[in-house]
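Q: Chain by chain, the residues:
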Amino acid sequence: MTANHIEMYGVSKAFVTMGRRHTVFKDLDLKISKGVNLGVIGPNGAGKSTLLKLLAGAETPDSGSVQRYSRMSWPVGFSGTFDRELSGIANARFCARIYNRDPKEVTAFTTDFSGLADFMSWPIKVYSAGMRARFAFALSMAIDFECLLIDEVLGVGDADFRAKCATALDERRRTSDIILVSHNLKDIIRLCDRVMILGGKTPIISDDVIKTVKRYNLALTGDLEESDA
Amino acid sequence: MSDAVPDRKPDSALSVQLRLIVALVLRGLVSEVGSTWTGVIGILVRPAVIVLLFYVLYSVFHRLTPQGMPLLGYLVTGWLAWFLFMRTFSTPRGSSALLLFPHMTPLDLQIAEAVLQWFIYTFVFLLFVGGALLIERSAPPANPLYVIISFWSVAVIGALLGLNFSSIARVVPIVELMRMPIQRLGIFVTGILVTAADTPSSVLAYMSWNPLFHSIELMREAWWPAYVSPLADAWYVLRCIFILAVVGLVLERSTRKYIKS
Chain A
0 MTANHIEMYG VSKAFVTMGR RHTVFKDLDL KISKGVNLGV IGPNGAGKST
50 LLKLLAGAET PDSGSVQRYS RMSWPVGFSG TFDRELSGIA NARFCARIYN
100 RDPKEVTAFT TDFSGLADFM SWPIKVYSAG MRARFAFALS MAIDFECLLI
150 DEVLGVGDAD FRAKCATALD ERRRTSDIIL VSHNLKDIIR LCDRVMILGG
200 KTPIISDDVI KTVKRYNLAL TGDLEESDA
Chain B
0 MSDAVPDRKP DSALSVQLRL IVALVLRGLV SEVGSTWTGV IGILVRPAVI
50 VLLFYVLYSV FHRLTPQGMP LLGYLVTGWL AWFLFMRTFS TPRGSSALLL
100 FPHMTPLDLQ IAEAVLQWFI YTFVFLLFVG GALLIERSAP PANPLYVIIS
150 FWSVAVIGAL LGLNFSSIAR VVPIVELMRM PIQRLGIFVT GILVTAADTP
200 SSVLAYMSWN PLFHSIELMR EAWWPAYVSP LADAWYVLRC IFILAVVGLV
250 LERSTRKYIK S
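Top line first, the protein sequences correspond to chains A and B.
Be aware that the first sequence starts at 0, since it is given in numbering that gives the first Met the number 0, and climbs by one per residue.
Be aware that the second sequence starts at 0, since it is given in numbering that gives the first Met the number 0, and climbs by one per residue.
Hints may contain errors.
The list that follows gives simulated cross-link-like pairs (lysine-lysine, BS3-like), each with its CA atoms no further than 30 Å apart [said to hold, decoys possible]:
#1 B/LYS256 with A/LYS30
#2 A/LYS210 with A/LYS30
#3 A/LYS103 with B/LYS256
#4 B/LYS256 with A/LYS210
#5 B/LYS256 with A/LYS25
FYI, nobody ran anything at the bench for these hints, they're computed from the structure.
Could you build the full structure based on these sequences and the hints that come with them?
A: Following this line, the structure appears as C-alpha cells:
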C-alpha cells in the first residue's frame, strides 16, 4: 500500500490548437501524498484544469503514466456529468450506484444538504444555475471520498449556502484530503498545506503555502497587499 | 449535518466495471423509457411505422416474399435487426463528461450502451414477433434459440463496429461523419429489402462480405426451415466478431490519449 493518492511518472501532454502544438506538461513526475491538501495555482492556460482531468482520469497523457491509489471524487460541484433529462433523484441514485453506496442514503443526504426537497423529482434541465450548483455540491459531499478534486467551486449559491459548503468542506477535510485548483489565493491559503504553481518550465511545489502564494501574487500583479489578505 | 454515506466494501476491478455498466444501463433505461412510460411508446413507434409502411407497400404492389415466408415475419426479421444495429453502432450516450468519474472508461460507456440497446430491442423484437405470429396466424419459429442468437449477433457486431469507429474518430474526427452514410447505405446491402435467395449472384458476391447480411439470413433460416439461404454462414459471423473485437479493443486502448474532455 502506497502513502500516495496519486503518482505520475514522465507525464507529457500537449494540445494542437489552431495548427500550433501547445505543450502543457513535459516529463512531469508528481506524487501527491496522503494526508496533504494540495493547492494548484497558475495563470490561465498553465494547465491547471488539464492536470485535474489527468488526475480524474478524464484525459490520458500522451506519454507516461498516472497511478491512482485512492477513492477519488469527480470534480466537486461539477454538474456536467448529470443527465439533464433525468430528475435529481435519478442522478443521485446513478452516482450512488457507481460508487457502490446505498442510493436511498445518498439521495436523502443530497436532498437534505441541498435544500431542494421540493425539486428533487424534477428534471435537472429545469433547475436554475444556482439550484444545479447546490445539487452538484451536495451530491459531491454525499460520498466519503479519500481525496476530493475541487475546481473553483467553493463559492456557489447564496451566503447561507456558501457558509454551509465551507463548513461541510472543513468537516470533510478531517477524513479526506483535497486537491484544489483555484485562482482564489485566499482559499488556497485557508485550505491547503502544500501548493503547486504551474506555468513555468517545471512546477514549483512548496509546503510554505503563505510565503509561496504571496510571492506568486506579487509576481503576477505586484500587489503584496492583496496577497496579505 | 449528517455524515457522508460510508463505503460498503472494497471491490475488484471486474466488479467495479460491472457496477459501472449496471449503473449506466439503469440510467439509460430511465432516460429512454421516462418516468411516465411515454418513452416505451416512442421506442415502439418508429420500428412499427417502418414495418407497417413496408407491409402496405408490399401488399399494394403484390410483391411476393421469398419461399413463401409470411410477410410480417419477413419484415420483422430484417427491420428489427437493422434498428438494433443502428442503435448499438451509434455513439454512446453520455458525453465525455462522464469520464470525469475517475473509474469510468470509454469502454464502459460503449459496453453499457450496447447492453441497454440489446435489452430494449430484444423486448421490442419479441413483442413484434408475437404480433406478427398472431396477425398472420403463421407457424412459430422452427428454432427460436437460433433465431434470437442470430438477432443478438447483430448487436455484438454493431457494438464492436461502433467501438472501432469511436476509437478511430478520436484521432481522425471526420470518421465520425461516416456513421450516418454507413447506416443509410447499409439498408440496401444487409438483406432487409431483399433476401440472399432473391439477390442476383453477381451482386451477392459483393454483399457476402457483410456479416449483418449473414446474421439476418441465419435468422430467417432458423425461423423458416423451408428457406435455404445461399449465403448464411455462422462461422463467418463469428470470425468477423472476433476480428472486430481484437482490433476494436486494441484501438480503444491505444487511442485513449486523444480523448478531449
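Q: Hint by hint, say whether it matches the structure.
A: Cross-check of the supplied hints:
Restraint check for B/LYS256 and A/LYS30: the C-alpha separation of about 21 Å stays at or below 30 Å, so the hint holds. Between the alpha carbons of A/LYS210 and A/LYS30 the distance comes to roughly 22 Å, so the proposed pair stays at or under 30 Å and holds. Restraint check for A/LYS103 and B/LYS256: the C-alpha separation of about 36 Å exceeds 30 Å, so the hint is violated. For the hint linking B/LYS256 to A/LYS210, the alpha-carbon distance of about 36 Å lies beyond 30 Å, and the restraint is violated.
Between B/LYS256 and A/LYS25 the alpha-carbon distance is near 15 Å, which keeps this suggested pair within the 30 Å criterion.
Going down the numbered hints, you'll see the structure goes against 3 and 4, while the others check out.
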